[in-house]
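Undergrad: Chains as they are written, first to last, in our numbering: chain A, 1 to 454; chain B, 455 to 961.
In case anyone wonders, no lab produced these hints; they're calculated from the structure. We treat Cβ as the ideally placed atom computed from N, Cα and C, and that holds for glycine. Take the hints with a grain of salt, since some may be wrong.
Claimed, not checked - Heads up, simulated PhoX-like pairs for lysine-lysine below, C-alpha to C-alpha not over 25 Å straight-line:
1. Lys543(B) - Lys920(B)
2. Lys758(B) - Lys920(B)
3. Lys897(B) - Lys920(B)
4. Lys543(B) - Lys378(A)
5. Lys913(B) - Lys361(A)
6. Lys913(B) - Lys897(B)
7. Lys99(A) - Lys622(B)
8. Lys169(A) - Lys275(A)
9. Lys378(A) - Lys361(A)
10. Lys913(B) - Lys99(A)
To be verified - Sample of chain B residues with no beta-carbon within 10 Å of chain A, all distances over it, derived:
11. Arg482
12. Ser510
13. Arg531
14. Gly534
15. Leu573
16. Gln881
17. Pro891
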Amino acid sequence: MVSPNVPPSANLEPFALKAHHYGRISGVSMAVHSIPDAFLLLHTGVGCKYKAAAQLSVHDWARQPHRREGWTEVGDAALIRGAAERIGPYVRSWYDRQKPGLIIVTAASHLEMAGEDIAGAVRQADATVPCPVRYVHGLGFSGDLYDGYRAVVSTVLDQIPWAEVRPQKGRVAVVGYPFDRYESDHSANLHQLRNLIREVGRELVAVVPSGQPMARLAEAARAETILVLPYAHALAEQLETTGRQVVLTDLPVGLRCTTAWLDHVARELGADHRKTAAAARRLAGYADQELNLLRTRLVGGRSAVFAETPLAVGLTDLLDGLGLPPVLVGLRDRSFGGVAAFRRGLAPAGLDLRPDAVILKDLSLWAARAHLRRELEKGHLLAGLGSAAELGTMTQGHADLQNDEGELAHRFAPVILGFPSSGYHALQPQPTYGFGGAVTVGQRLLDGLLSGQA
Amino acid sequence: MTPPRKPPRGAEPSHKGQAGLEEGEPHRFGAGDEPFWKRQETRLAGQLGQPCCTLSGMCTLLGGMDGNFAVIIHGERDCGNSFVHHRMKSAERFFCTCLTEEQITVGRVDEPLERCLRLVLDEVAPDAVIVLGTCPITMIGADPGPVVDRLAAQTQIPILLLRTGGLKLATQAEMVDWLYESLAGLPQIVRSQAVDRRRVAAALRETSRQLQRDVAVTPLDVRARVEEALSAPPMDRAVNFIGLPADGVRSSELSTVLHSAGIQIAGLYPFEADLRDWRSIGHAAVNIVADRRLYPRLLARLEKEHAIGSVQVPLPIGLNQSLQFYQAIGDFFDAPEALDQTLAPLVAAARARVEAFRTQAGSIRVAMGLRMLNNYQVDQLAYEGLGDVEALAELGFDLTLLIQGPPEERPRFAEMLAGLGVTLPMQVFPNPWNLAPLLVEGKYQVAYLADHSWEEALKAGVPMIKSRGLAPLLAGVQQNLTVLAELLRAAGHPAGQPAGQSAGEEA
């Protein structure tokens, strides 16, 4: 019998279904979903459809991802006869129906392994419709959601007319924002980014991706500086060829990390960093004052974080700043460098984890929930920040954590953020980024803790 | 800023294949592909339901099932992503052999399976293991059978190998029957141990409720109830319900009505069935089945191995179908009077509500979507998705079927519907993203569509109910009429008067 709070052995763990089992195809789908006039053609069998829009459809209430996705309906007969020839007709048919600004074709591993020239078929299809048609590998053996996402961002960057457009002084573009739904949490994050960039005396002209169509993403060409978020750091070399100043940054999440982000950006852009530092102190002070109401009530508490490495760094800062240092960190990616990268990410903000903290990489659902239950049993875990994958069952249906009234037996606030957030939807602006994001997450945490109390 | 679009390549010479275009007709870049589409193998496979990947389907259904089991997906890592796992209560019981490109290329796939299987057997100690195949395994022609057989011979734990995958298009109906027949084929638990724990829990809950509102319940009453619940029901009065709507099995109406005739629920398949239930499915006198055609393999196994016959019932949605449902049960157990007596007040109330609604609503145009979902739910699949038609028709609605599929296949759909005795008007539409104009053109007043159609219904200004969103049994009649009345009120229809005056609210 699976014991609910004993994780699988180190031997079994690699086989257990991951908390973030998503592969490249899911990331490709997410990135295509972030561009309202892009279209995803899956060159796959019928089940692979579930790796794409189906995963997002429960996450995004504001826009159905299915409407910009098709598949080439590959079955065994098509595989034997040669399936790549199917790509052209499907591309043209979908172009006729939807007139997209970009078509991305991706393929399941077994079709890529069958030895057919899928890339060639995509090139041929590209020549027959007005919009660009591009092939992005969907190999499911390696890589994760963030690799797939980044591959599409790279393709989009190739479509931006960097050479034709003159960069404008003081204009900044951000590349690598993880836009996964059209709800108000993302519009709020984008607003925070815009305001932060304004604090260094610059104007944000485009965020790639940001829920904007191809024509708006092309505005990035007007920027003289490109700020690259961690999700696109691997594209630095490609971005260097644009002739723009390229600045790699961490995420502006958490009070100290946001302050460090502003300082780094100001210095790299040659802005008046003393002025920026003063602005950061002022804004952080406002946020800090609000969070004090909460902080004083959380003394001695601990927390858990489940997120991709760059976000985990920011959330660790945020929780630590609230007096809820994480004792459990689950890094749900395989592409950002793991535990070492996480620790490196903490350094610029002067952060470190408690010595008793556990950091797990690419952990299984079983392990995530078992470790969480263990910490809950110790009675000090007050908050968990993570996606619906790790925290969903903490609020629905796990009898071992519930009392007779169906409420959580422990005083624990599960705050669902990131992907997937199927258990949480934002009707009003609720950022995670910036100083405002720290207060918003603090508010959600407080709501969770007080839930059920009169 | 000009969008980064290529110049429309071949705009001029490219009009090859466009010769048939009429003046003013939009340019069609795929116009030359007609021969390709004509060569396409059919996706319909003789069923109205959408085709599915058997791996995705089984993972979805097993992920929602309770019990001490383990599922091993034998394939590449991403195959474990072909279902929406994060919402499943049993996702922690899933494992994947996570085959590498090299292992698949050289065909060295048995060793990871054996290793994973051994670890799962040792650490999880499940009551059953289900090993599922994937496309890469099918493609390279690997046979996991010998590994599974070898390990099965070394353990007492049953290991099921199901050669699933997405390359051979299966219907959802075939998939659910295959899975459920396989689960029913697991070694059965001896009858003395097969006490329905849910029945005990339900009896305790009901007793607790009664205790709260009625001090006349004595400790002896409580004891009697618990003892009754703890005893295995007599086999000749025990029923397996197969394919009832999920909401229906949670209704207290069903157990109360059956109890009045001395009939017991042996199991509620599949929505409320855990692994132990499937391993107790042989302990019943009859299967009451919503659409026998969905379960040829399962029913044949139950007949052959346990001598349990089956009685077909409609989905118990709406007044008439609920009555037919109870009548079939009463007839089988030769207890129509007992059931009639219990049902009489419920039927009278439901009938009055339906008649009042009909009178007030008049003929309302309703669009009912079909073939729009791939969610493997048997109540959606029952009667080819037409299980709710009668419930809507008895309200006097003017129903039109909107079938998602290739419009050129309209004659085939019409033929299939005729085969089912359905003569309702129908329209075939190619994809769910152009439903709004269809809803507007058809002047529909209510839409009964798959849940992903909210946006389209909203665009069209047509109030929508999620398909299979109608509540079952007689108790569901009032609930359904209330929802319909509220929808119609929102749309400004006279049938939707404020609560208290609406047809749905009158008794």
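Undergrad: None of the hints should be skipped; say for each whether it holds.
TA: Evaluation of the provided hints:
no. : hint                  : verdict
1   : Lys543(B) - Lys920(B) : 23 Å, holds
2   : Lys758(B) - Lys920(B) : 38 Å, violated
3   : Lys897(B) - Lys920(B) : 19 Å, holds
4   : Lys543(B) - Lys378(A) : 24 Å, holds
5   : Lys913(B) - Lys361(A) : 44 Å, violated
6   : Lys913(B) - Lys897(B) : 13 Å, holds
7   : Lys99(A) - Lys622(B)  : 31 Å, violated
8   : Lys169(A) - Lys275(A) : 19 Å, holds
9   : Lys378(A) - Lys361(A) : 22 Å, holds
10  : Lys913(B) - Lys99(A)  : 20 Å, holds
11  : Arg482                : 5 Å, violated
12  : Ser510                : 4 Å, violated
13  : Arg531                : 6 Å, violated
14  : Gly534                : 5 Å, violated
15  : Leu573                : 4 Å, violated
16  : Gln881                : 18 Å, holds
17  : Pro891                : 13 Å, holds
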